[in-house]
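Asker: If you're matching them up, the sequences are chains Z and V in order.
Note that the first sequence covers residues 17 to 133 in the working numbering.
Note that the second sequence covers residues 83 to 194 in the working numbering.
Each hint should be verified, as a subset may be incorrect.
Straight line, CA to CA, 30 Å or less: simulated DSSO-like cross-link-like pairs of lysine-lysine [to be verified]:
| id | chain 1 | residue 1 | chain 2 | residue 2 |
| --- | --- | --- | --- | --- |
| 1 | Z | K58 | V | K151 |
| 2 | V | K151 | V | K85 |
| 3 | Z | K58 | V | K134 |
| 4 | V | K134 | V | K151 |
| 5 | V | K151 | Z | K99 |
| 6 | V | K85 | Z | K73 |
| 7 | Z | K73 | Z | K94 |
| 8 | Z | K58 | Z | K99 |
Calculated from the structure, these hints are not laboratory results.
Note that the structure is a prediction, hence the values are computed from the model and not measured.
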Amino acid sequence: EPEVTQTPSHQVTQMGQEVILRCVPISNHLYFYWYRQILGQKVEFLVSFYNNEISEKSEIFDDQFSVERPDGSNFTLKIRSTKLEDSAMYFCASSRTDRVDRTGELFFGEGSRLTVL
Amino acid sequence: DAKTTQPPSMDCAEGRAANLPCNHSTISGNEYVYWYRQIHSQGPQYIIHGLKNNETNEMASLIITEDRKSSTLILPHATLRDTAVYYCIGVISNFGNEKLTFGTGTRLTIIP
Chain Z
17 EPEVTQTPSH QVTQMGQEVI LRCVPISNHL YFYWYRQILG QKVEFLVSFY NNEISEKSEI
77 FDDQFSVERP DGSNFTLKIR STKLEDSAMY FCASSRTDRV DRTGELFFGE GSRLTVL
Chain V
83 DAKTTQPPSM DCAEGRAANL PCNHSTISGN EYVYWYRQIH SQGPQYIIHG LKNNETNEMA
143 SLIITEDRKS STLILPHATL RDTAVYYCIG VISNFGNEKL TFGTGTRLTI IP
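Same shape as in the complex, but just chain Z:
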């Protein structure tokens, strides 16, 4: 069964460093998302992406965050200057949304754990 894959599974970085988290969505999917989950807290929406541009972003997704689909397969989340509070599990997701009755069916990756020291 097709799946969303994410790399790295775990990254440790120093505060102030740039981090890029990578995702390979399911190949025929059209919409892409990043969510994050701080340890012990809720899963939070960060950003949605369609047709090479951001569809919607949350207030968490400030200027230090950016997303890109550099080629036909990868979808990346860049954090420009990491802060301690960016430590979290970051989940990539994708969906097809060609059917209005299935548009909430997102396929999530296993996550990338980011630890900022």
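Put chain V on the given structure of chain Z with help from the hints.
Answerer: For chain V alone, coordinates are given in the frame of chain Z:
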């Protein structure tokens, strides 16, 4: 999107049916009820969804009350691998802006 309310935790014996309730009294007419689960710290996994009618798939059944103010997710024969946090989420289909709003969910523990 409708706010949903779920019990924080539930236990269920292995092999029995697990019935997870969700209240969504403010749900709008075009809002679907989606269920996801998260096993340990893995990525959330889609389970099932519905609008008005009851639904069944290979993982679970979803019973939605006639007034659509509440629903129940049923795992017919729970196994230890069903231990997870289960989320009930209201979703208005918006072709790509499906910003899922996760609550705290129900932590289901399957007891051997």
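Asker: Flag every earlier hint the structure violates by its number, smallest first.
Answerer: Checked against the structure, the only hint that fails is number 5, while the rest are satisfied.
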